[in-house]
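Those protein sequence lines, which keep their order, are chains A and B.
Mapping to our numbering: the first sequence position 176 is 176, numbers consecutive.
Counting from 1 along the second sequence, just add 1000 to a position and that's the residue number in our numbering.
Everything hinted at is true.
With a straight-line cut-off of 25 angstroms between C-alpha atoms, the simulated SDA-like cross-links for lysine to any residue are:
hint	chain 1	residue 1	chain 2	residue 2
1	A	LYS153	B	TYR1026
2	B	LYS1030	A	ILE226
3	A	LYS153	A	ARG212
4	B	LYS1030	A	LEU218
5	A	LYS78	B	ALA1335
6	B	LYS1033	A	SER147
7	A	LYS78	B	ALA1330
8	B	LYS1032	B	THR1018
9	A	LYS153	A	ASP140
10	B	LYS1032	A	SER147
11	B	LYS1032	A	ARG220
12	B	LYS1033	A	ALA216
Don't read these hints as lab results, they were simulated from the structure.
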Amino acid sequence: MKGVESGLLDFSRLEMLAAGDSPVHRLDPRTKVLVTAAFLVFVVLHGKYDLAGLAPLALYPVAAMALSGLPAGYILGKLLLASPFVLLVGVWNPVLDRGILVTVGGLPISGGWISFASIVVRFALTLSAALILIATTGFDQVCRGLSRLYAPKAFVLQLLLLYRYIFVLAGEAARMVRAFRLRNLSDERPAMRTYAALLGSLLVRALDRAQRIHMAMLSRGFDGEIRMSRPMRLRLADAAWAAFWIAFFILVRRYDIPGLLGQIVIAH
Amino acid sequence: MHMADALLSPAVGASMWTVTAGLTVYCARKVKKDADERKAPLMGVLGAFIFAAQMINFSIPATGSSGHLGGGMILSILLGPYAAFLTIASVLTVQALFFADGGLLALGCNIFNLGFFPCFIAYPFIYKALTGSSPTRNRIVAAAILASAAGLLMGASGVILETVLSGISELPLGAFALLMLPIHLAIGLVEGLVTSAVVLFVWKARPEVLTLSAASRPLAGLSLRKLLAGFAAAAVLTGGILSWFASQNPDGLEWSMFHTSGHEELAAPADGLHRALAAFQEKLAFLPDYDFKKPEAVPAAPAPETAPSGPVVQPGTSVAGLVGAALTLALAGLAGLALGLRRRAAEIRR
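With the sequences and hints as input, model every part of the structure.
Rendered as structure tokens:
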């Protein structure tokens, strides 16, 4: 069983990383959201055989991780956990696409292998960018940034409430599972009937809790708006960060840097 | 079964983002207009409930595998389609950010696949239709199972179509469908069984919860049709604009569009359109290797002439490109190392 506790730990770990301090952490959430979005777009703009074009883009996650002091091992571990579906779909490319695209030192490489490698690289780039965003910003700040970037208010409120109550309900679920295990020494997982009863009572408790929360919110003057007390300010560093990366993305899109590098190396 | 950024072409990703963003705004308005403000904390707590529920697995007898609750159908039953859609969207957003499930560009696809189909198709047309106004035990069980399975199958078909249309994966439509659909039928049936069991539990313990959500107005057929037409138009427009932009500067994007049309063999194999596309592609010569891949699709292979004539058109496909890519990656790694060392030195000084 994946376990409720380990799932909760995952959240807390990212949140703890986000509580750190670094030049990247100090950037405005809006800047980080926008640069991440631009990065993702530039990654997927590459054609599926354009493995070399993707390579320079790796500078962004690598630099952001280094500047913010995120543990690379942790991020890589999370990527591995998320990889099965993409690998399962991508691994057919070498089987189905066997036309030879390029010969390196007498070893013919088929288009399928190139496109499979490009799928893996895309996967690592896009998902590490998302994890870097959350691990240097924190979920509440991302939501603040989103609401300032004109995301629908009801949706941002929903994100904030959801996130807040994940910790509460997962804690409750963890206690229920622990109680189940103490009473069932033989079974690792509950059978479906027990599972449904477990979830059912969790759900009934959740519904009651929602009612209490709603009354508490109303008595404190909740009117559907979220108000953030701390102002957000775009500083020079934000402008520099955004300008640098977007210029870099455009530059590596325009000029084939790996190709030039490769030709120089091969010529010598 | 999350769609992934890595398998997505920009046109498909952007179209699905447009559709999903539109749906989210629409649902947000709808929830606000219904003025059932009690729903705000309810949605938050139920979203968290889905999370907690998915962290617990149960064992499926005789298979050795395990399953968990799927979110869409139970949320629709408890909240109604609009609020349920927003809740699923928020759950998937958190999953994409924290667990790297899918990715942020694929989020549009994922919300659509796992939110739209259960909330706006399976719930009103299967669950509601079967349970009617006076639900009985058997009706709830049958409806929940059928609706969950159907919703999940539609979602899986969404993943298949998005992947094949993107053209990053080589899997043809038929093979991919054979790979995905049977598994998801099984998962859907199990999810439906659990959903029905949980709904029955709530029905016994708190019958008022279910009657309350059942009383909320069902979807009017007309508005849904308008909605669908609007979003279809938006999707086509986005895709069209994007591909037009792409053909302005020849790159991967429009190639993937061509690739798609090459794949849709049911549409027009080797007729006028196909030949025209091939000729157009030849003229642009942005991918001279195209004929290596599909020799039967482009019979007159002109690529050997076009390949050496241009500059390095497709960097990834030349030796220099591959060597350079490795070098670039190493450089990026070195830059990261240097930046990290500098940061650590600064920390020690402090």
